[in-house]
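In my numbering, the protein residues as written are 1284 to 1632.
These are computed hints drawn from the structure, not numbers from a lab. Some hints here could point you the wrong way.
Quick list of in silico lysine-lysine cross-link-like pairs, DSBU-like style, CA-CA up to 30 Å [unchecked claim]:
id: 1; residue 1: 1626; residue 2: 1555
id: 2; residue 1: 1534; residue 2: 1631
id: 3; residue 1: 1534; residue 2: 1437
id: 4; residue 1: 1404; residue 2: 1362
id: 5; residue 1: 1401; residue 2: 1362
id: 6; residue 1: 1555; residue 2: 1436
id: 7; residue 1: 1619; residue 2: 1437
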Amino acid sequence: MKNRIYFMMLIGLLACNSKPREESRENKTVLAFGSCAHQSDPQPILSAVGELKPDAFIYLGDNIYSDTYSMDTLRMNYKILGAKPEYQALKAATPIYAVWDDHDFGWNDSGRHYPFKKESKEIFLDFFGDQGDSTIRKHEGIYHTVWLEKAGKKIQIIFPDLRTFRDKLLPYNGNRSGQKGYDYTLDYSPYITPDSTMLGETQWQWLEEQLMQPADVRIMASSTQFSITHNGYEAWANFPHEQQRFIDLVKKTKANSIFFISGDVHYAELSKLKVEGGYPLYDVTSSGITSTWDFATPNDNRIDGPVMENNYGLIIIDWSKEDAEVTFQIHDKEKKRIDKTIKLSELKL
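Let the hints inform the model, and build the full structure from the sequences given.
Laid out in structure tokens, this is it:
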């Protein structure tokens, strides 16, 4: 009798410690994402992601660090990433989608004036593929949409291009030294007149068309942060009129169930931007796969974090609930660091 009890206890322990069976994902969408990876560094984060077997992995920019005017150097750096065993293993098992940021687009903090943006685009697409979008090579820039489906639900992932059309940034013209949290040099000031752009008019028209298409969940895969307060570094907050234009566009198109994922900053956090007359815009920032930073900048909209260690993000959508649930997570190599679940009904006009 004792042997039988011990045997049953052992079976129970093994069941508790085993990985979730694939059928447990039948009504869940699991998306992993990350950013900021030096191609020459080990990338154990990719191995950790691969073990989870997500439905897709999303690169949010600075997927390599090139900072070059030499297209041969750019190709070589992609080749270094492509040869990494952890990247090859992830690619073999998981669909990969991507957008770029400055260091893989061209140069640090660069925008539309980078002289090799057309050549850089071709190299990007040669490495990552056409992203399931037959039109991506036919227009300027790499903005595109990816559609996924699970449990009869449609997930729209929108990848805006925040580099190809972006005007030059305004150098910071104030002084916050001595103010709480601002013990660093601020690089940029926000534009105060709407005579500048980050997306460009053609991309704005495309974005409006995307938001008018029916979808159960919409994810904005943004290379820079949307929902944070201005911190003197790169973010949508440097173009507040474009940030507001997006909010107005959501209301105009009556597009529900939108949230952002972002990268760039070399730490992770969860931000929540309250919208007057609309629903809040969450922004899950995961950075970096290999890169780190000494500090997290002030952010009045931060509701969790920062996580300063190398990390990746997870979006888990549970369709089995009558009111579907969306979970935002940040993980380091070993454990979960941020975990926030909301009802999809909270993201409705």
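Verification of the hints:
Under the criterion of a C-alpha separation no larger than 30 Å, the hint pairing residue 1626 with residue 1555 is consistent with the structure, at around 15 Å. Our distance criterion of 30 Å between C-alpha atoms is met by residue 1534 and residue 1631, whose separation comes to about 10 Å. As the CA atoms of residue 1534 and residue 1437 are separated by approximately 20 Å, the hinted pair is consistent with the 30 Å bound. Between residue 1404 and residue 1362 the alpha-carbon distance is near 15 Å, which keeps this suggested pair within the 30 Å criterion.
Note on residue 1401 and residue 1362: the hinted pairing holds, with a Cα-Cα distance of about 19 Å set against a maximum of 30 Å. About 25 Å separates the Cα atoms of residue 1555 and residue 1436, which keeps this hinted pair within 30 Å; it holds. Restraint check: the Cα-Cα separation between residue 1619 and residue 1437 comes to about 27 Å, which is no more than 30 Å; the hinted pair holds.
Violated hints are absent here; each numbered hint is respected by the structure.
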